[in-house]
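Visitor: Listed below are the residues making up each chain.
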Amino acid sequence: MTDYQVSLDVFEGPMDLLVYLIRKNEIDIYDIPIALITDRYLSYIEQTEIMDLEKAGDFLLMAATLLRIKSRMMLPGEPIEGEEYEDPRTELVEKIIEYLQFKEIAEHMLALEKSSLSQAERGFSELDLQSEDQDPQVEATVNELILAFGQLMLKGPPPEPVHQVEREQISATERIREIRRMLKKKGRLLFSDLVAGRPGRRFLVVTLVALLEMARRGEIIVEQDDLFSEVWIARRRGRRAEAARSKTAGGNSRSSGAEK
Amino acid sequence: MAEFSKEMIVEAMIFALDEPVSARKLAAASEIAVEEVEQAVASLNDTYQQGKRAFRILKIAGGYQFRTISELAPYIQGLGKHVWAGRLSRAALETLAIIAYRQPTSRPEIEKVRGVNVSGVLKTLLEKKMITITGRAQVLGRPLLYGTTPQFLRHFGLESLDHLPRESELQVILAESLVESAAGSEDEGNGQGSGDSDKQQVLI
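Sequence lines, in order, name chains A and B. Position 76 (the first sequence) corresponds to 85 in the working numbering; numbering is contiguous. Position 170 (the second sequence) corresponds to 200 in the working numbering; numbering is contiguous.
Bound-form chain B, shown alone (with noise of 0.2 Å):
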């Protein structure tokens, strides 16, 4: 153990799971302190700064993981047959969306705020374990609950749930789209209802 550094340690693990790695997990299983294993981490990615290297290590889904730099991209796609594999249709997003922010949610509540049916999304979203069925709820007719996966969180690179726009960020998100929609409007007449100009976030 004495002559290899942390940072090697850390490295050669982390390179060996696939799959995002704990900081616990991997201070469980070398000598390594947690807080330490957060210092190796950030000195390899110096190195690899540094060194002009083509990966990084993220924090993704709770762990560590390899990941390439977004700007070889185009290197990586041009292996294979299809470009962008495995994104997820409106629907779908519209769909995750929901439920990563309200869950554990069912499916009579999702209907209820996009205006469609989801079953087929729900069934698509499921087979690629974006969502999982977390149980049922206490209400008629028992209808089960759904709430995100890691792969989720893995997909979309989030470290977290808590890494997704805050609710309350949105406000603000959704009152600038609208502006901008009334900006194109606003030559052919004022909108009806409040004669009061200033609302603009208010305007659609």
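Looking at chain A on its own, in the form it has when it is part of the complex (with noise of 0.2 Å):
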């Protein structure tokens, strides 16, 4: 077997390791030796260290790729109804071919780019000559700077950075029981009506965890017409829902086997 002294970094993903693999190998790509391939894939991974977690996943990814083809090779499966047998490979090459595809229109895009390169337009300016690392150059003076500096003055120091813990306005199971109310006045009410005239995103959620809870109680149905339509919120009847009512913490209703 040979000794592979690269390291995995010298490849850009699986599919440069692959191609490096079969070329190596002399590996007809249009009847690739599965076992072998997977066999060297396999032992160049063990042997060297993948510094990059997001790569090793990749990497890894196509290992277990490539075992799965392997094994169906071995094992041939029932042939579906009327479908023809695909080989199992054939996924895999097209991937390859398609990857060695775009890697030949990169050389012929280089080519390109240097022979537009090579014919200036007009304008050429020291910008473009300089590094593409820079970041893009603002255009600024002294004066420019004299006057930020004057604008930051006349806005005043910047406020002391105090946090404020808020105090919970209101808890989820207050929630429900002001909800409880509302319904049992009206019956049926609109998501939106729930939460009118009360801003914040607090109140929303805390709205949304009460509504779930109460749904998961059976106190509540939850309708809507249509997709993405407006989203009632109806009252329950029924014995199990007057149980849930009066079963939460708080409940405002004393337990009674009666229907309301």
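There's no promise every hint is true.
Said to hold, decoys possible - Below, computed lysine-lysine pairings styled on DSBU-like, alpha-carbon distance capped at 35 Å: (1) K158/B with K112/A; (2) K79/A with K158/B; (3) K123/A with K112/A; (4) K153/B with K112/A; (5) K158/B with K123/A; (6) K158/B with K89/B; (7) K36/B with K112/A; (8) K33/A with K142/B; (9) K104/A with K55/B; (10) K55/B with K64/A; (11) K159/B with K123/A; (12) K142/B with K158/B; (13) K153/B with K64/A; (14) K123/A with K142/B; (15) K123/A with K153/B; (16) K33/A with K64/A; (17) K123/A with K36/B; (18) K123/A with K55/B.
As the list claims (entries may be wrong) - Far from chain A, by Cβ distances over 10 Å, these chain B residues were calculated: (19) F34; (20) S35; (21) E61; (22) V64; (23) E66; (24) Q69; (25) A72; (26) R97; (27) L175; (28) R184.
Stated by the list, open to error - Some residues of chain A that are not near chain B, with every Cβ distance over 12 Å (derived): (29) L51; (30) L84; (31) K104; (32) E107; (33) L119; (34) F158; (35) V171; (36) T182; (37) R207; (38) G209; (39) E222; (40) I230.
Think of the hints as simulated: they come from the structure by calculation, not from any bench. Each residue gets a CB set at the ideal place from its N, CA and C atoms; glycine is no exception.
Got two chains here, each in a separate frame; can you build the complex from them with the hints?
Guide: Have a look at this one:
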């Protein structure tokens, strides 16, 4: 077995490695000996340490794919009615060819780029000629600096960084009670009505939590006429619903078997 | 208008605009017909060639633009600190190639072909205005869709996307390059699998 000295970082990704192995082992891409290639691939991975965790995942995924193909080749599956037998390697081969095609195209584009860059446009400014790693230059003069400073001074000193921890305005339990009261009056409410006039994300969340809890207990029914249309919250009737209503912490109606 | 030839007018207009300008735009701004604009450009290029001028009018990104002849490139680059500024990396080129041929396409689709993460490259290409966001895919996750820009065409000196080599032409190119790399190693023994040595386009 060849001793692989090169680190896996040389390869951009699993496709890169796969193509390298195919070339190195002079493999016919249209008839890949899957056992061999899987073997080589795995031994390569095992021998090298992959530093980048994300890359490692990609390489492992390819390893799993190869193993799956290998197992499919070994165990002829039952042919599905009407379908022709598909070589389990086909998908992989197509992928490799596509990958190579685009590498080829990239070569072409490199040549095109070279040729185009050698034909200068008008107004080829100094800016274009600088290294592409630099941040885009912001044109500023001393004037602008002074102006900016002046504006800052006018704004006044920055406020003290104080973090306020807000007291929770309302708890989910209280909100459940509130909703129950509202439903008692009206029977059926729009979700948007429930949160109308009371701004704040916190309130919205508490309402949602309350509704979920009430739905779970069987107190309410949630309805919608159409996909993405308004949501209705309705008071559920029946013994179970009654029981649920009185059961909750701080339930405001006494337990009763009678229907309301 | 009578005093100036059509060539002169067209020449002035193309000169004034830094970027490629379409024949239609030129025709609209002057009283010259679109076909006459094209003729004027052809005639101008003849003049430039005969007069040994350093530039030509090229058709790029669907419009006309003045460009210096490539032979004089060394002198132009002598003006700046870096030669070949703005050149793209291999990874960027490969990603860009996929986008150019498959647009509109999303990041997952691109990564499927390349086998590597492309988010960094996409960011670079967006910054360089080679690609732009053209919408969202209708699939799960609604990923962003990317497509190439006119700046892309300009950077590569292409008249239009149709001027990229056709994918069918590429099959041939692919086969040829495979033959070349196989030729070097043929002495070491046949490739595995097929014993047919005539299958040139298949051996890597």
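Visitor: Next step is simple, just say for each hint if it's right about the structure.
Guide: For each hint, the structure was consulted:
Taking the CA atoms of K158/B and K112/A, the gap is near 21 Å; set against the 35 Å cutoff, the hint holds. The hinted pair formed by K79/A and K158/B fails the criterion: a straight-line CA distance of about 43 Å is larger than 35 Å. Distance check on the hinted pair: K123/A and K112/A sit about 17 Å apart at the alpha-carbon level, within 35 Å; holds. Proposed proximity of K153/B and K112/A is supported: the alpha carbons are some 20 Å apart, at most 35 Å.
Restraint check for K158/B and K123/A: satisfied, since their Cα atoms lie roughly 17 Å apart, inside the 35 Å limit. A threshold of 35 Å between alpha carbons decides the hint, and for K158/B with K89/B the separation of about 22 Å falls inside it, so the pair holds. Taking the CA atoms of K36/B and K112/A, the gap is near 45 Å; set against the 35 Å cutoff, the hint is violated. With a C-alpha separation of about 24 Å, the suggested pairing of K33/A with K142/B holds against the 35 Å cut-off.
With a CA separation close to 44 Å, the supplied pair K104/A and K55/B exceeds the 35 Å bound. Between K55/B and K64/A the alpha-carbon distance is near 49 Å, which puts this suggested pair outside the 35 Å criterion. This hinted pair checks out: K159/B and K123/A have alpha carbons roughly 18 Å apart, not beyond 35 Å. For the given pair, K142/B sits about 23 Å from K158/B by alpha-carbon distance, which is consistent with the 35 Å threshold.
The straight-line distance between the Cα atoms of K153/B and K64/A is roughly 19 Å, inside the 35 Å bound, and the hint therefore holds. For the given pair, K123/A sits about 28 Å from K142/B by alpha-carbon distance, which is consistent with the 35 Å threshold. Between K123/A and K153/B the CA atoms are separated by roughly 22 Å; this keeps the pair inside 35 Å, and the hint holds. Restraint check: the Cα-Cα separation between K33/A and K64/A comes to about 22 Å, which is no more than 35 Å; the hinted pair holds.
Restraint check for K123/A and K36/B: satisfied, since their Cα atoms lie roughly 33 Å apart, inside the 35 Å limit. This hinted pair checks out: K123/A and K55/B have alpha carbons roughly 29 Å apart, not beyond 35 Å. The claim that F34/B lies off the interface holds: its Cβ sits roughly 21 Å from the closest Cβ of chain A, which is beyond the 10 Å cut-off. Interface exclusion of S35/B from chain A stands, the closest Cβ pair being 22 Å apart, more than 10 Å.
Here E61/B stays apart from chain A, with its beta-carbon at least about 25 Å from theirs, past the 10 Å limit. Listed as outside the interface, V64/B is consistent with that label: its C-beta sits roughly 23 Å from the nearest C-beta of chain A, beyond the 10 Å cut-off. No Cβ of chain A approaches the Cβ of E66/B within 10 Å, the least distance being about 24 Å, so the stated non-interface status holds. Against the 10 Å criterion, Q69/B stays outside the reach of chain A, whose nearest CB is about 23 Å from its own CB.
No beta-carbon of chain A is positioned within 10 Å of the beta-carbon of A72/B; the least distance is around 18 Å. Residue placement check: R97/B does not keep its beta carbon more than 10 Å from all beta carbons of chain A (closest about 4 Å). Remark: the non-interface label on L175/B is consistent with the geometry, its nearest Cβ contact in chain A lying 18 Å away (cut-off 10 Å). A Cβ of chain A approaches the Cβ of R184/B within 10 Å, the least distance being about 8 Å, so the stated non-interface status is violated.
For L51/A, the condition that its CB be more than 12 Å from all CB atoms of chain B holds, with the nearest at approximately 17 Å. No Cβ of chain B comes within 12 Å of the Cβ of L84/A; the nearest lies about 21 Å off, and the non-interface call holds. At roughly 8 Å from the closest C-beta of chain B, the C-beta of K104/A falls inside 12 Å, breaking its exclusion from the interface. Against chain B, the non-interface label of E107/A is violated: not every CB pair exceeds 12 Å, the least being about 6 Å.
Separation of L119/A from chain B is inadequate, the least Cβ-Cβ distance of about 6 Å not exceeding the 12 Å criterion. The claim that F158/A is not at the interface with chain B holds, since no C-beta of that chain comes within 12 Å of its own (minimum 30 Å). Distance check on V171/A: its Cβ is at least 36 Å (rounded) from any Cβ of chain B, clearing the 12 Å threshold; non-interface status holds. T182/A, annotated as away from the interface, keeps every beta carbon of chain B farther than 12 Å; the closest lies near 37 Å.
For R207/A, the shortest C-beta to C-beta distance to chain B comes to about 31 Å, beyond the 12 Å cut-off, and the non-interface label holds. Interface exclusion of G209/A from chain B stands, the closest Cβ pair being 28 Å apart, more than 12 Å. Annotated as non-interface, E222/A keeps its C-beta farther than 12 Å from every C-beta of chain B; the closest such distance is 30 Å. The Cβ of I230/A lies farther than 12 Å from every Cβ of chain B, with a closest approach of about 30 Å, so its non-interface assignment holds.
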